[in-house]
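Chains as they are written, first to last, in the working numbering: chain H, 1 to 300; chain F, 1 to 313.
If you're looking for bench data, these hints aren't it; they were derived computationally from the structure.
Note that beta-carbon positions come from the ideal geometry of N, C-alpha and C, so glycine has one too.
Some hints here could point you the wrong way.
[Claimed, not checked] Dumping the calculated DSSO-like pairs for lysine-lysine here, alpha-carbon to alpha-carbon at most 27 angstroms: (1) F:Lys174 - H:Lys261; (2) F:Lys7 - F:Lys305; (3) F:Lys2 - F:Lys305; (4) F:Lys73 - F:Lys7; (5) H:Lys261 - F:Lys163; (6) F:Lys174 - F:Lys163; (7) F:Lys3 - F:Lys305; (8) H:Lys87 - F:Lys163; (9) H:Lys261 - H:Lys87.
[Unchecked claim] Computed footprint of chain H on chain F; a stretch qualifies when at least three of its residues, placed anywhere within it, have a C-beta under 8 angstroms from a C-beta of chain H: (10) 14-21; (11) 266-275.
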Amino acid sequence: MIMLNNFRYLKLKHDSGSAIEEGIAAGKKMSNRVKVRLRFSIIALITILYVLFAFNASKFAPYDPIAATPSLSLRSPDRNYLFGTDKLGRDVLSRILCGAGPSFFMAFVMVTFVSFLGTAIGMICGYFGGTLDTVIMRFVDILLAFPDTVFAIAVAGMLGPGVINAVIALGMLSWTGFARMARSLTASVRESGYVVQARFNGASTFKIIFKYILPNVAPQIVVMATMRIGSTMLSLASLSFLGLASQPPNPEWGVMVSESKAYMQTAPWMMIYPGLALLITVIIFNLLGDCLRDVMDIKK
Amino acid sequence: MKKYILKRLGQLVIVILGVTLLTFFVTTLTPSDAAEMHYFSMGILPSAEQLEQTREEFGLNDPFMIRYFNWLKGVLRGDFGESLIDSQSIMTLFLRRLPKTIELTAATLLFIIVLSIPLGIVSAVYDNRLPDNVIRFITFCGVAMPGFWMAMLVMYFLGVQLKILPVIGKGDIKSLIMPVLSLGIPMACSYTRQVRAAVLEELSGDYITGIRSRGVAEKRILFCHVLPNAMIPIVNMLGLSLGGLLGGATVVESIYNWRGIGSMVVTAITNRDYPIIQCYVLWMAIIYVCSNLLVDISHYFMDPKLRIKEIVG
Chain H
1 MIMLNNFRYL
11 KLKHDSGSAI
21 EEGIAAGKKM
31 SNRVKVRLRF
41 SIIALITILY
51 VLFAFNASKF
61 APYDPIAATP
71 SLSLRSPDRN
81 YLFGTDKLGR
91 DVLSRILCGA
101 GPSFFMAFVM
111 VTFVSFLGTA
121 IGMICGYFGG
131 TLDTVIMRFV
141 DILLAFPDTV
151 FAIAVAGMLG
161 PGVINAVIAL
171 GMLSWTGFAR
181 MARSLTASVR
191 ESGYVVQARF
201 NGASTFKIIF
211 KYILPNVAPQ
221 IVVMATMRIG
231 STMLSLASLS
241 FLGLASQPPN
251 PEWGVMVSES
261 KAYMQTAPWM
271 MIYPGLALLI
281 TVIIFNLLGD
291 CLRDVMDIKK
Chain F
1 MKKYILKRLG
11 QLVIVILGVT
21 LLTFFVTTLT
31 PSDAAEMHYF
41 SMGILPSAEQ
51 LEQTREEFGL
61 NDPFMIRYFN
71 WLKGVLRGDF
81 GESLIDSQSI
91 MTLFLRRLPK
101 TIELTAATLL
111 FIIVLSIPLG
121 IVSAVYDNRL
131 PDNVIRFITF
141 CGVAMPGFWM
151 AMLVMYFLGV
161 QLKILPVIGK
171 GDIKSLIMPV
181 LSLGIPMACS
191 YTRQVRAAVL
201 EELSGDYITG
211 IRSRGVAEKR
221 ILFCHVLPNA
231 MIPIVNMLGL
241 SLGGLLGGAT
251 VVESIYNWRG
261 IGSMVVTAIT
271 NRDYPIIQCY
281 VLWMAIIYVC
291 SNLLVDISHY
301 FMDPKLRIKE
311 IVG
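Go ahead and model the full structure; you've got the sequences and the hints to work with.
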């Protein structure tokens with residue numbers, strides 16, 4: 001009977017010609033996956049090259065990024081000074097190059113730390129539930145009420161200006177996103193068949209969380225963390241721009257744009273190039289996040 | 001529904017108490033104190049007795065909980081205290097700043113809606129074809145745009161290069177354009193992407209295939225069936241943005257010298273003017289709960305499924 005049914009099914013499919021169509025669709029899907037992987041590989045390569053470059057960029061800098069040479073003040077871009085010079089006669093290109101490494105490093109360290117912390121908190125809340133969960137999630141709700149720049153400004157303002165303080169200020173808010181994500185993912189698989197089975201088989205809570213739940217949570221967290229690197233660099237630069245993070249004379253992009261404010265009419269290159277560097281960096285990390293999501297086949 | 005709103009308002013009280021208590025606590029932890037800042041702002045180096053006297057005056061010597069309750073009592077009477085820097089009533093200061101922020105918020109939201117919804121729809125309808133690719137490329141770059149840089153570029157191109165707008169506004173409608181563009185363009189980009197995703201999601205629904213097979217015109221499908229459903233997540237986002245914008249656009253306000261809530265709170269933070277910060281925090285909490293409530297209520301009207309649930313039980 002079953003065979004007959006199968007046969008009929010096959011025949012029906014064959015009749016309508018949909019088997020061929022299905023084959024084509026499957027082929028398309030395959031080639032789509034190949035495309036997605038190819039794109040991911042290219043972007044990943046670009047990112048790796050970018051990071052390597054960022055950390056060694058100061059070696060490529062043609063001039064000293066900090067020492068002032070007043071005689072070269074506000075030179076427009078030419079062959080010797082590709083991006084021009086600033087008020088103190090410092091080469092804008094050299095300053096941009098030297099600013100790349102520290103900005104990325106700070107954002108990377110913060111995002112890594114915060115994603116681990118947020119994931120741990122979120123998974124604990126999602127797995128155990130109860131009062132602890134309610135209290136922490138209400139707390140997260142409250143934190144989310146604040147626009148992140150305002151919150152970071154408030155914390156940075158209280159702790160005093162400085163890069164480390166700015167990173168702490170941003171970190172205090174950004175763990176909440178990871179915690180929420182990890183919590184909802186954990187809660188969604190907590191009662192699923194294989195987790196219940198593992199519990200019946202006497203697996204320890206520790207093992208269940210790490211072996212059965214973490215693999216469900218990790219991909220999304222990795223994607224989210226990648227996306228966050230770009231936005232964290234943006235926020236840090238904004239804080240520097242407001243004078244709360246990196247301080248002059250450090251070659252930081254936000255500081256550079258802030259310094260250019262007074263010379264907008266006479267030396268627009270002081271403002272344009274650092275911003276462009278930041279824009280490109282953020283685009284690279286956003287692209288990486290996008291491709292990573294496609295490769296891991298995660299829906300938004 | 002009424003019960004729900006009441007429950008939400010109850011939540012408001014809890015959130016407000018929690019948030020204000022937290023900020024009160026944080027402000028007590030900070031190293032420099034308000035009495036010192038009060039003198040520094042006047043350019044006086046205070047003696048120890050003067051400091052002690054001012055602390056007594058500001059009530060800084062009282063225990064933490066007593067100070068908190070005193071503040072809370074004042075708030076219930078509509079008295080937010082005085083600024084530590086220039087002894088102005090905070091309520092007046094706040095109410096003077098608020099219209100500017102509301103103006104900016106309304107204009108920016110309008111800009112976002114007008115720009116992003118049509119673009120998002122076009123992008124979704126031309127999925128993976130030229131218009132879509134162009135829109136996606138531009139919005140992708142726009143999302144990555146540093147806000148402060150955007151503001152300066154707008155100022156540079158419109159104010160310095162083309163000279164069509166004054167760099168420093170006089171407070172008329174013209175001076176609104178540049179801040180709105182700086183705030184709105186990056187936001188509109190992310191909205192366009194969201195609208196596109198939402199419309200595509202709806203277009204792929206089975207009910208659309210059904211309607212299409214009945215021969216309903218594409219335009220009708222798009223505007224009568226897809227859009228109302230696709231707008232639900234967008235309204236959700238708008239609610240969040242409304243809250244964020246009413247909290248003040250710190251960077252843009254400080255660049256354009258816009259005298260709204262955002263620049264007020266930045267000044268207050270640098271001056272450690274705690275009563276203003278407290279008032280601001282309270283404002284944020286109220287906005288947060290209210291904008292969430294607004295979103296939920298609008299869901300109720302936009303999503304028939306929710307209404308049916310209520311009738312069926």
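So which hints don't hold here, by number, going up? Violated hints: none at all, because every hint is consistent with the structure.
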